[in-house]
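Protein chains: 2
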Amino acid sequence: SLVLSPQRRIPDFNSFVGRTNTCGELRTSHLGQEVTLCGWIQYRRQNIFLVLRDFQGLVQVVIPQDESAASVKKILCEAPVESVVQVSGTVVSRPPGQENPKMATGEIEIKVKTAELLNSCKKLPFEIKDFVKKTEALRLQYRYLDLRSFQMQYNLRLRSQMVMKMREYLCNLHGFVDIETPTLFKKTPGGAKEFVVPSREPGKFYSLPQSPQQFKQLLMVGGLDRYFQVARCYRDEGSRPDRQPEFTQIDIEMSFVDQTGIQSLIEDLLRYSWPKDKDPLIVPFPSMTFAEALSTYGTDKPDTRFGMKIVDISDMFRNTKIEILQDVLSQPQGTIKAICIPEGTKYFKRKDVETIRKLATDQFNQEILPVFLNANLNWNSPVAKSIMEEQKLELLRLLEIQEEDMVLLTAGEHNKTCSLLGKLRLECADLLEARGMVLRDSALFSFLWVVDFPLFLPKEDNPGELESAHHPFTAPHPSDIHLLYTEPEKVRSQHYDLVLNGSEIGGGSIRIHDAELQRYILATLLKEDVKLLSHLLQALDYGAPPHGGIALGLDRLLCLVTGAASIRDVIAFPKSFRGHDLMSNAPDYIPPEELRPYHIQVSRPTDSE
Amino acid sequence: SLVLSPQRRIPDFNSFVGRTNTCGELRTSHLGQEVTLCGWIQYRRQNIFLVLRDFQGLVQVVIPQDESAASVKKILCEAPVESVVQVSGTVVSRPPGQENPKMATGEIEIKVKTAELLNSCKKLPFEIKDFVKKTEALRLQYRYLDLRSFQMQYNLRLRSQMVMKMREYLCNLHGFVDIETPTLFKKTPGGAKEFVVPSREPGKFYSLPQSPQQFKQLLMVGGLDRYFQVARCYRDEGSRPDRQPEFTQIDIEMSFVDQTGIQSLIEDLLRYSWPKDKDPLIVPFPSMTFAEALSTYGTDKPDTRFGMKIVDISDMFRNTKIEILQDVLSQPQGTIKAICIPEGTKYFKRKDVETIRKLATDQFNQEILPVFLNANLNWNSPVAKSIMEEQKLELLRLLEIQEEDMVLLTAGEHNKTCSLLGKLRLECADLLEARGMVLRDSALFSFLWVVDFPLFLPKEDNPGELESAHHPFTAPHPSDIHLLYTEPEKVRSQHYDLVLNGSEIGGGSIRIHDAELQRYILATLLKEDVKLLSHLLQALDYGAPPHGGIALGLDRLLCLVTGAASIRDVIAFPKSFRGHDLMSNAPDYIPPEELRPYHIQVSRPTDSE
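Chains as they are written, first to last, in the numbering used here: chain W, 1 to 609; chain A, 1 to 609.
Treat the hints as calculated values from the structure; they're not laboratory data.
There may be inaccurate statements among the hints.
A pair counts as met if it fits within one copy or between any two copies, since identical chains are not told apart.
Result set (BS3-like, lysine-lysine): computed pairs, CA atoms no more than 25 Å apart in a straight line [stated by the list, open to error]: (1) K123 x K531; (2) K204 x K193; (3) K122 x K301; (4) K278 x K165.
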């Protein structure tokens with residue numbers, strides 16, 4: 001699966017350089033040809049064979065043994081592994097019985113005439129073989145060696161090809177304009193995650209924006225109509241897994257478009273650029289409201305490759321005598337919910353169940369009630385006797401319970417129980433897979449649109465006030481506009497997320513194009529200082545077209561497509577968890593005199609405390 | 001010339017949106033079709049006609065006058081200019097005699113049935129018409145309005161298309177891999193022009209690199225073989241005309257390539273991506289050594305669209321009696337040189353000649369001797385009588401002097417006289433063109449390779465020491481390697497510049513791939529701290545292939561291709577001369593508490609002095 005599918009036209013990898021062919025491309029169709037190859041010595045067998053590697057693959061070179069070729073033999077036998085050599089010779093058949101069917105070039109070998117050592121290699125910190133396990137820190141420190149692995153070559157080349165297909169689709173087929181927007185910009189109000197860049201004017205700073213959001217909207221006001229950019233974005237959030245301080249998004253904005261238009265565009269774009277070595281995508285993608293995603297999967301990014309859906313069983317207990325459940329159901333938003341873990345009774349150990357219950361109390365302050373079903377669907381649970389037989393049957397039906405399944409029950413406020421069960425659903429899936437069950441097919445790409453998000457959320461540190469659920473330029477849902485002036489917390493937005501296998505890989509919205517509405521939301525509802533966004537508000541006053549867009553997270557998309565363990569495996573030179581470049585040792589100290597032009601000085605933590 | 005040439009396949013501009021057609025695409029072939037258009041009101045004539053504009057052009061809309069369409073009429077008559085409207089109606093022929101041949105859609109008009117005001121426009125700071133002159137500051141402040149001009153639309157769309165063609169060429173035809181490299185990196189030793197970015201670790205900074213130089217070389221060590229990137233680069237050099245703090249380069253690196261290979265690639269790349277509305281490029285481009293460029297044009301980036309070459313006339317004066325010339329010629333590198341200004345005697349005023357002489361004394365501390373030739377080629381100059389008749393005839397022949405030309409003579413050290421005359425050559429060309437002479441054809445694209453640069457230059461502040469003429473990774477010329485250990489100042493490099501119409505639009509080199517040689521040059525010759533580049537030196541030890549590359553300055557290339565007055569006209573959101581974003585007012589002050597996470601504080605100029 002590490003062989004890239006042929007493109008419509010095979011590119012010429014040998015133009016403008018000294019070689020005639022790549023090592024990896026040689027086949028029996030090349031028999032008899034005189035070739036010149038350049039590559040790295042992968043290994044040598046008994047000074048008779050040498051395997052030469054380049055980005056396309058491996059080829060076997062026969063080291064000449066006759067006296068007249070002594071100098072060629074000396075070069076090829078003495079050069080250390082991973083040295084760079086150029087060889088010229090003839091493509092010949094391997095002797096019968098010596099073909100290697102596991103090797104793409106396994107039917108041929110090179111009978112060498114001349115050889116040149118282009119560069120010798122010193123002793124390596126690790127072997128350049130995909131199966132040799134290295135720590136990630138070592139890989140990152142010697143990234144230029146790690147990049148020689150077939151896996152990294154595949155990942156980076158697939159990324160390049162997939163982005164190229166996206167560009168063809170957007171630019172050549174649909175008239176989008178690729179426009180570069182600045183990355184030295186002004187700090188966004190409240191943009192706590194923006195890196196700052198000191199300028200030569202005392203006290204003045206640029207900032208590195210988290211996205212080209214303002215620029216893409218201003219381009220629509222400027223009549224550019226269809227914009228896209230493979231945009232470098234920056235986010236300073238210290239060390240979080242699968243986040244990088246700089247990352248890349250496929251950034252798109254269109255005028256005169258609605259939500260359906262953007263969704264169709266993205267579906268067709270992904271279908272067009274999807275790697276040919278995977279199953280073709282089926283469009284349109286399914287869609288789900290935020291409310292449904294939360295109540296069914298306990299998250300706004302459901303992994304829909306498997307079931308284990310959350311089921312509301314409150315109605316079964318409306319007339320229960322169990323006091324604690326009565327209490328819960330009498331609260332506002334009080335519910336009783338459950339998920340069924342297939343074969344959980346069979347696979348889970350006591351310890352697993354304890355871990356699950358601890359997670360529920362520690363992270364959600366909620367009790368979890370596990371019910372174990374035996375082979376006869378008999379209940380094994382402390383509550384078994386408090387529940388009537390007909391309720392049990394109803395539960396079996398609602399949760400589609402099979403023999404040896406396990407059910408997790410919880411009671412509490414709607415959002416909280418959903419989040420808890422959503423979290424447990426993923427935890428249990430991990431546990432089941434660790435025990436050998438196949439729940440999530442790695443060849444399955446399960447796309448999902450999540451729509452109808454709330455426009456605002458209560459502020460975390462001050463729930464009496466509102467903040468934007470996404471960003472303040474998101475347009476309200478047309479059906480809910482009247483609520484803006486009465487119950488703004490109930491307004492849904494025209495935001496949409498694209499989810500793949502439980503990861504958010506894109507998000508966008510129809511934007512506000514009415515200056516009055518934008519001012520009302522910014523100033524009255526969000527209580528932001530509108531002066532800082534005056535240029536954007538003014539732009540809306542000067543004939544802004546209705547517009548909307550989306551951004552796809554390229555690193556995460558490629559990570560899922562290649563099945564990589566981390567986004568660092570689809571980035572050529574990623575930073576470590578802590579934001580360090582382990583190869584060059586960035587960030588690093590710089591002498592005070594180099595800070596002087598920027599009128600800043602370092603205040604050590606001790607200085608300020 | 002503002003109409004883009006058709007692409008191989010015309011993109012669908014109307015997919016995924018509400019309109020059926022763009023305003024600008026409608027022709028007689030659309031007659032009778034029901035269309036829905038979205039656009040801006042360009043102008044209105046007597047409440048009868050309205051001209052609607054989108055990115056593709058203008059179309060005339062007939063405002064209905066009958067009572068039944070009163071609401072449509074009201075919308076179309078009341079909406080201010082630059083409001084956004086959607087209209088539906090039928091494409092009809094204009095009445096005979098009312099066709100407008102100057103308008104691409106001039107044979108048709110739209111008979112409107114329905115209209116909707118999508119957004120109303122307030123009073124504008126300037127009219128959206130290309131012929132209305134605005135100051136650049138006003139254009140930058142309201143960039144989103146300036147972008148609506150046909151010229152800016154053309155420039156940005158041409159840029160997008162040309163870059164797309166380059167990508168097709170590199171990626172699809174020649175197997176290059178588009179790889180994104182980090183922009184948060186480590187400060188380069190001596191990188192005084194690199195912006196710094198404080199990290200959350202006290203005293204540690206990233207820097208924004210001036211180019212992906214180190215990364216592209218490391219990719220070659222990593223076996224990526226053919227890399228390209230449309231790379232964002234950063235350079236903090238305050239305010240210089242036609243420089244931007246962030247700029248874009250087409251960045252290319254190849255393994256196993258020589259200088260000829262890179263040059264052929266670039267020639268073919270430009271030929272392939274050259275706009276179809278210009279004359280096709282003729283390849284290969286001419287080539288000239290640095291020494292020849294300096295002695296003939298007085299610069300390393302000659303504008304070869306016109307003559308006025310520098311001629312060395314020292315030999316004519318070897319036996320002169322003129323003491324001052326004897327003195328000069330007896331000095332090392334002492335020369336006498338001249339350029340001939342065509343029709344200079346006719347066009348130049350006394351004042352012009354004074355300006356030229358003043359420039360020579362002020363900037364070069366050199367005397368210039370002007371010789372005016374009349375219609376009979378008679379000399380008018382104070383030195384006329386000191387020069388023998390046969391010398392005069394020889395001068396006429398060498399400089400190809402015509403009637404009424406002017407000759408500028410100077411004597412002094414070779415490099416200095418060349419630089420002076422090179423400067424005067426361009427000054428005089430400007431003056432001649434200001435007087436109406438056509439010297440430089442605006443349709444002519446005169447490409448030139450300049451090669452064989454010196455590898456080192458004497459340090460400006462300490463001429464006893466050497467610094468890299470370009471960068472320390474440039475490989476020496478193979479014929480000069482022995483000189484590295486004896487006379488390093490005489491070593492030529494494998495650097496090459498690409499010059500277009502007197503502007504440097506690209507530069508590159510074959511790199512050093514030998515760790516020993518790289519260490520010797522860095523440590524012994526350049527006296528750099530090799531620790532800061534240890535990762536690169538180490539990489540060369542681990543099987544680095546021979547490699548080389550180039551970078552093309554995309555902004556400047558597009559500026560020349562579009563004939564724009566400034567690179568700011570080919571960038572969507574450029575910074576001002578002083579590095580400001582005049583629209584959003586970046587860079588800006590930020591409150592001290594937002595600097596605290598970065599452990600920096602502002603030191604006002606008064607603090608430190």
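Hint check:
{"no.": "1", "hint": "K123 x K531", "verdict": "between (61 Å within a copy, 20 Å between copies)"}
{"no.": "2", "hint": "K204 x K193", "verdict": "both (18 Å within a copy, 17 Å between copies)"}
{"no.": "3", "hint": "K122 x K301", "verdict": "neither (48 Å within a copy, 42 Å between copies)"}
{"no.": "4", "hint": "K278 x K165", "verdict": "within (15 Å within a copy, 28 Å between copies)"}
Of the numbered hints given earlier, the model fails hint 3 alone.
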